[in-house]
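Here are the chains, one letter per residue:
Number of protein chains: 2
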Amino acid sequence: MKLKIVPLFVALLLAIPALRADEGMWLYSTPPREVLKEKYGFDLTDKWLEHVQKSSVRFNSGGSASFVSGDGLVITNHHVGFDSLQKLSTKDKNYVRDGFYAKTQAEEAKSVDLELNQLISIEDVTAQVNAALPEKASPDEAFAARRKVIATIEKDSLAKTGLRSDVVTLYKGGAYHLYRYKRYTDVRLVFAPEQQAAFYGGDPDNFEFPRYDLDICLFRVYENGKPIQPADFLKFSKAGPAEGELTFVSGNPGGTSRLLTMDELNYLRDNSNPYTIARLKRMEVLLIAWSGRSAENARRAKQDVFGIQNSRKVRDGQLAALYDPVFMAAKEKAETDLRARLAASPEKFSDALAAFDKIAEAQKTIATVAEKLRYLEAGNGFSSDSFTTARQLLRAGDERPKPNGERLREYGDAGLPSFELALFSEKPIYEDLEIILMADALQAMAEKMGATDPLVVKVLAGKSPRQRAAELITGTKVRDVAVRKKLYEGGKAAVDAANDPMIELARLVDADARAARKIAEAQDEVKKQGQAALAKARFALEGTGNYPDATFTLRLSYGVVKGLEENGRKIPAFTTFEGLYERSAEQGNREPFELPARWVKAKSKLNLKTTFNFTSTQDIIGGNSGSPVVNRAGEFVGIIFDGNIYSLAADFAYDDRMARAVSVSSAAIIESLNNVYDAPALAKELLTGKQK
Amino acid sequence: MKLKIVPLFVALLLAIPALRADEGMWLYSTPPREVLKEKYGFDLTDKWLEHVQKSSVRFNSGGSASFVSGDGLVITNHHVGFDSLQKLSTKDKNYVRDGFYAKTQAEEAKSVDLELNQLISIEDVTAQVNAALPEKASPDEAFAARRKVIATIEKDSLAKTGLRSDVVTLYKGGAYHLYRYKRYTDVRLVFAPEQQAAFYGGDPDNFEFPRYDLDICLFRVYENGKPIQPADFLKFSKAGPAEGELTFVSGNPGGTSRLLTMDELNYLRDNSNPYTIARLKRMEVLLIAWSGRSAENARRAKQDVFGIQNSRKVRDGQLAALYDPVFMAAKEKAETDLRARLAASPEKFSDALAAFDKIAEAQKTIATVAEKLRYLEAGNGFSSDSFTTARQLLRAGDERPKPNGERLREYGDAGLPSFELALFSEKPIYEDLEIILMADALQAMAEKMGATDPLVVKVLAGKSPRQRAAELITGTKVRDVAVRKKLYEGGKAAVDAANDPMIELARLVDADARAARKIAEAQDEVKKQGQAALAKARFALEGTGNYPDATFTLRLSYGVVKGLEENGRKIPAFTTFEGLYERSAEQGNREPFELPARWVKAKSKLNLKTTFNFTSTQDIIGGNSGSPVVNRAGEFVGIIFDGNIYSLAADFAYDDRMARAVSVSSAAIIESLNNVYDAPALAKELLTGKQK
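Respectively, the protein sequence lines represent chains A and B. With our numbering applied, the first sequence corresponds to residues 1 to 692, in that order. With our numbering applied, the second sequence corresponds to residues 693 to 1384, in that order.
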């Protein structure tokens, strides 16, 4: 295997002409009807849109999914279901490694703390949000006013509709939409392959293509003890997609940075990405070394290791783009061009013209509190579930007595059901893993801030990081859910009286953490106002029909099934089952390329020509994992599970020359359920849309 | 396996009473005769000393060894021989993975670039070195004068004796000794086990005990095409050592930091160790990920991965000690006590009293050039053999025309034979591995110095780090040994005319690199003068009989074979072959605990009660790897290959409560050569001291 070098993005089209490549993570409320009509002759009807929207499901834990049967069956990726699989597993019952299949409803395993969201409606509340801001408010005042009106809108909507209600900031501040979701919290595990089949090729093949991964996981949604009967679900295509076919991806891209100014991008390049990458690599080494010590260590750390390695590859790829002079020159040119267009009408666009410097200044101020934001407010100095929980209890005690609109946002009334679901989760938390993670986090914070920094001295309390972590983790009671409930219900008085060492640590740093956050929130408000001015200017120049940066809300992307050419070599759009066996042989069946035992056994029964994974041109990003790939007929033809290595620059710009979305074909799902996993009933439910 | 926490060094005896624990890496010229007599009733005779000294061998590549037969057989660790094994291996001939055994002399494989050193004599040249310094010289002048006199002493000695002649700085500047070595460069590989036997348990078990590693490698030294017949070699003990037995370690500890002032220690804690650890972890992630992509990648990166993981564990352990408040308080107290004793005679010790601040100031100045020292002068911004070689060629062209005493030290005449051996090495260098390493190094430098730093901009030359690395590594010709020779022999004119991109890169940064080095060298001279004053004061207070910090020169340590108690659990001093099979079973034979095929096969033939590895109390550190463990009779009873996790603080202080040296028993070597490796002739040579 030759060294893979991410090529320059030589001809990046950063300005967005009307009929360009398959770019865009489109709002369901502003879908790209015209371009689909013009370019593909496809009529995007309201009916089609509503059907796909309501068939789409968000995993609140960070992924996408879809309903695929009238009996509440939901399909997502294995790596999205991973969190549930890990929480349901024990030393003796390892669903991650071994897979899971409930042959009967009775065997379906209830997830520990999963929340699924189905998008019901979108409402533009921009005017209402902006109207709440006093004239000439300071950033602090503006932030407070915006927080208050958003909390009020969300709370009122929840009270009125009973639906989860989130006000989403779009265009980095250019618009505010209210998203309402139906929440599902009785979600039961139906099927997962062994991880070695789902994540075949492991970290080395992650973000690569060709791929051979059955990255799927099936759940069933219940209400009142019975499977729900969703009105909308995607009909499964047995054949899968064809080369060149127009397909859609309906999912929840987590976040992109395409609208950032150059100053903001430079901050990512010079400050936040290097910090994050160093942290990830440090944790990766820690956990891999710890995993090496025993099989049980490895099992406990498995999900963290996966997440860290995945993020590391993403961040390395992003930083490579930010260090690519051609890529950055193209971004620079786009900004220069925009500035020139604004400067042509200086009165009309005075706010937008002033926005660049305001955003740059705000970014500089945020940089001054970045360390405290990271180590204290984001908790990176204390990486552990124990600390997270302890701080939630402390802050819940402080925040909940305040008026709804004045609380830290995560303690707002509208979000409480989801907050409490997570807080009272019965997920396993491992003391030994918590200690090594927290010790390393304390050590990292001390290294960065300095061993003699007063805050570090205060946090370490005369102990070494290892000792301090061990004392805090073994001393705290917050891993006991009953204790958590008692302290949460008892409020501030109970929390204060608990004398829990981890809660006391959270208290020790809370003033500093809140102070840093207050500064960052005010400056973020400044940036939002700047971005709002830029958005307004762009709407004036380009119309309002463009898509905003991703926000982990439901979006529609479109594109075609298509391979790519890499260093003169054609990489076909499809792989087949046959390729899996070839890949394993080529790698001498060594880890992580060893064939799962079930696949060795099933080889002779399988149709080896079955399409397995495929690439397509949709504009996707992290959070899209598990998104259904849907054809013109609204049928499920595949499931997104990855992007290739070239897609990692998608955070900053879309480029369809080399970047590809990577999916499992629906054909592979049916064939493997029938002939590898001995699950014909499940295959039948997918094909018929009915359980029986 | 429970989380291992390095315990506090609660009762550290940092002052050194006459009859204390088995501390000390003793100079052969100042051996610890009295304490051995008093504590162990052992007479350390000149004859015993000379025999062990001349039997001891230094691997110039960074380890220790000993002659173990009259036919020139040398034993060291597998991980010391690793470098030679790797350089002799190819894709199809993997001696690291598979091991090696030359049943006949003809099959012995000549090492690519190995240099072995046998210490012949030690001469104190302190007076001569110090006399050469002008009165009231500036640090620059003092450094230049010291460099000159040392170069002259070394050159004269080489001319007079024909022996490799190194002036060694002892006591961090308190003394200068001339070490003369016999050099051997025709060194042939005789035997190595497969790495899985040598490094059983891999990174997880590294620095741990119990252990089950056959960490040995055998070479034979030739001169004039024939094995040498060393007058001194160690007789092999078939039985190995006994519990509680007095034993000695004769080897080359690489470096310790015990004499550093608190300001210097704090610099290690706050600056250099965090830097190094972050670099190691970043490289570890890079190489592990790259190794995952193919078996051949893994083979190419294997030695780097081993070295990086090993160093990472060492550095993490050192930093843990530096973050241990009790440990640091003890160091602080020792310094405070010394200052108090000096302050009692302020006139007599005025230089020593002033030294602390001078050293602190010098350290601060060094910190201002630390980035350039690391990235440019040490080459960490360009990590690749190609850059190292290119810079050597550039600098050799610039330095060699200068008078010997004015050159950068590594280009002095006395060192040229060793320098040229390394420069013209025919070792394999892999372009793909070079590119990823250099790309990551460029990226790391840019992240640290800033993407817009003028030096970074100049180095990257408008390319991304990946592109720039690929262009430089593929463009340079210096990996061709013939090109190297031509440029070296052609001198500056040839180098200038070569227009080699990597040499031009080295030239581009050379002024900055040299400027940083010049500042550091002058400040290092200031530190040496300060340490000289402190050493003089210590000699006055404590006598001259103490040992200096380690300097990768031959030292003698002593101690007893002894287990330890850890968290109330007794860990016996010995493991046996039986334990190896148990360890593998307990870990489900998973990597890196899988049994080598030969050991599976041999089990029934083996005496499973054979002692395998053992712990003892000698004061050792990195560089001691491969040191013989010798009994009172001067016999080889084992070979050092590791220290336990508690020994990692040995850089700063010795502590025999938990810290242990870890060795392979001579009994295990004989038994495994006979019954696992089908090499009875080799076992016989070890036991009889004769090849035939």
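Hints should not be assumed to be uniformly reliable.
Said to hold, decoys possible - Computed cross-link-like contacts, DSS-like style, restricted to lysine-lysine with a CA-CA straight-line distance of at most 27 angstroms: (1) B:K1005 / A:K302; (2) B:K1005 / A:K313; (3) B:K1119 / B:K783; (4) B:K1056 / A:K448.
Stated by the list, open to error - Facing chain A, from chain B, some residues (calculated, C-beta under 7 angstroms): (5) P896; (6) G984; (7) A1036; (8) K1040; (9) P1157.
In short, the hints are calculated from the structure, not lab data. Note that CB positions come from ideal geometry on N, CA and C, so glycine has one too.
Evaluation of the provided hints:
no. : hint             : verdict
1   : B:K1005 / A:K302 : holds (22 angstroms)
2   : B:K1005 / A:K313 : holds (24 angstroms)
3   : B:K1119 / B:K783 : holds (14 angstroms)
4   : B:K1056 / A:K448 : holds (18 angstroms)
5   : P896             : holds (4 angstroms)
6   : G984             : holds (4 angstroms)
7   : A1036            : violated (29 angstroms)
8   : K1040            : violated (33 angstroms)
9   : P1157            : holds (6 angstroms)
Hints 7, 8 from the earlier list are contradicted by this structure; the remaining hints agree with it.
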